[in-house]
Each structure stands twice: as structure tokens, then as C-alpha cells.
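Engineer: Given these sequences and hints, build the entire structure.
All residue numbers for the sequence shown refer to this note's numbering, where the first residue is 89 and numbers rise by one.
Rather than coming from a laboratory, the hints here were simulated on the basis of the structure.
Positions of the beta carbon are idealized from the N, C-alpha and C atoms, including for glycine.
It cannot be assumed that every hint is accurate.
To be verified - Restricting the straight-line Cα-Cα distance to at most 20 Å, the calculated cross-link-like pairs of lysine to aspartate or glutamate (EDC-like) are: (1) Lys158 with Glu184; (2) Lys336 with Glu363; (3) Lys158 with Asp176; (4) Lys158 with Glu207.
What the hints assert, rightly or not - With beta-carbon atoms standing in for the labels, derived distance ranges: (5) Gly351 with Ala259: 32 to 40 Å; (6) Arg203 with Ala325: 17 to 25 Å; (7) Gly351 with Met318: 20 to 28 Å; (8) Arg320 with Glu242: 26 to 34 Å; (9) Gly263 with Thr310: 27 to 35 Å; (10) Ala259 with Met342: 27 to 35 Å; (11) Gln161 with Asp246: 23 to 31 Å; (12) Asp369 with Lys336: 16 to 24 Å; (13) Val361 with Gln322: 13 to 21 Å.
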Amino acid sequence: MLHSPLFSVWTGNYTACVGWLPVMAGSEVGVEKVTISGRPLQATTIHERLHELLTIVSPPRLFASVTPDKIIQLMTLDGSGGPTLGVDQVIATFYEVPGFPRLESEAVIRRGIVRGVRERAFGFVGRIGTDEIRRVREQAGYLTDARLVRIGVELPEDEIDPAAAFIVMPAAIAGPASTPPPTPVPGGGPQPSVVTPASGTRGITTEGVPAPPGGAGVSRPTTIRLSLRMARQQLYASFNAIGNLAEKAGTVRMMVEAEKTDGFDPAWLRNAVLEPLQEADVLEE
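Structural biologist: As C-alpha cells, this is what we get:
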């Protein structure tokens, strides 16, 4: 229980139940006495009576929900608190600050974050975005890569790892990257190119500059496109060839397409495919 109160309970027939809660009295920490008022408690066990005293007896002192706007307001995410905040810091603050609402458990904050992501009040960044969040905090004007942020979607509550998760305000999320204009070639027009299907080899197309005038020399391919269909073992056998190409070109761009008649399990796809690729920082917009 967040802000666990100190209780003194007189048992017997359980007719008396009294609790003391820490409260802020100006700039000082005071103590609020909570007693039964109005109607008698309905619960029978000590724990249930204490819970009823805090949650049902008016005014309630313990809450089972917190709104995204309340999280933003209390954590000053839209002001001096900066545009990002670790989930662990949110939880710790609700535990430590007497002036904050008392919540039943850490799960209340998780549910508030799930709702905030769904309603686009803020975005969620998992462990793969730790370095990105550090840059946002250290570099003025730096925006979080939108590919690392989940916002406007249904976020499973069990995916929130407080030790390595952050919430980020929409204003600190970069928009979709624009496509840069083609680089002009000195001398006017675009670089000449020639498309030459590889002789007798399917699935391979090359683009390059033509041979110099007069017939001297040969054309050199500057772009190679491969269309491959591979099972798992064939993929392993192709690693060296693609690695050789990446070594010469600096980078290679790959388009991967896979089909499964009964569909891919979303959790498996995220954990086994998407997150490892995101951690490797190889996905493009």
C-alpha cells in the first residue's frame, strides 16, 4: 500500500478502528487521525476493516485509480519537470511525498500509464530507448525518435518495467522524418545510370554508370538489388555473402517479407523479432 499508515486497532468484537496517516500541514509533516464516522464498518477481518476505513468512509483516503492528467500535473511534466520521466521515479514519488494521493498499489500507476498512452496524453518508451531519453534530457531541443515511442495504442500493463521505462510528453517526440531531396551532381543533371539485369541470373538487378565514351573500360555497378527467398538454413548460408556486400558498400538496405497463413502471435513478433531489431537500431521509417 502506498503511504502505508500507522494503525492502532482495538479488537474484541472489532467495534473500534482508528488509524493515523502522515499529511502535509503547510511545510511540515503532520498526522491525520482517521476514525469511524456515520455508519459502522461492514467488513469483519482487521485488514478488510482498515481497507474499508480508508477507501469507503467519506472522505476516502486511499484510491484505486489515478488519471494521466493527474500524473502530468503532479510530476510537472508539462513544466519544470522536463518532458520525460522514468516510471520508477513516478512510483517512488507517490510513495515518498505525503502530499500526493495515496494509492492502493503500484498497479494503479501502471493502469494510469496505460490509459495515458492510449489517450495520447504521453508516450511510453521501453528499455530500448534508454540512450534516446538520456539525449533528450542532456541536449536542449533534442526530440525522441518516434520509432521508439508507443503512443495512441493499447499498451499491455505487464510490459511496463519500472526499472527501464519512461513516459515522454508528445511535444518531445519527433515527427515522421522527411525524405531529403536528391543530392545534385556537379555539372548539372542527375548522375547517369544504366539498369542491367545480370545475365542468366534471376533475382539480381544492377545499376551503374556506363562505360566511358570510345568503348574503353567497362561499366561498374553502383547499386545491386537482390530478390531472395530463403528458409532458415538458407538464410544462415547467405550471411557471409551479404556481409561481404555490406563491407564494400558500408551499409546494405534490406526489405524482409514473411507470410504465415494463421498469422503471427503479436507478443512473439514483438519479443522475438521487432525488439531485437530495434535494439540493433537497423529499422528504417
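Engineer: Each hint: holds or not?
Structural biologist: Status of the hints after comparison with the structure:
no. : hint                           : in the structure
1   : Lys158 with Glu184             : holds (17 Å)
2   : Lys336 with Glu363             : violated (28 Å)
3   : Lys158 with Asp176             : holds (17 Å)
4   : Lys158 with Glu207             : holds (14 Å)
5   : Gly351 with Ala259: 32 to 40 Å : holds (36 Å)
6   : Arg203 with Ala325: 17 to 25 Å : violated (48 Å)
7   : Gly351 with Met318: 20 to 28 Å : holds (21 Å)
8   : Arg320 with Glu242: 26 to 34 Å : holds (32 Å)
9   : Gly263 with Thr310: 27 to 35 Å : holds (32 Å)
10  : Ala259 with Met342: 27 to 35 Å : holds (34 Å)
11  : Gln161 with Asp246: 23 to 31 Å : holds (26 Å)
12  : Asp369 with Lys336: 16 to 24 Å : holds (21 Å)
13  : Val361 with Gln322: 13 to 21 Å : holds (18 Å)
This entry does not satisfy hints 2 and 6, going by the numbered hints stated previously.
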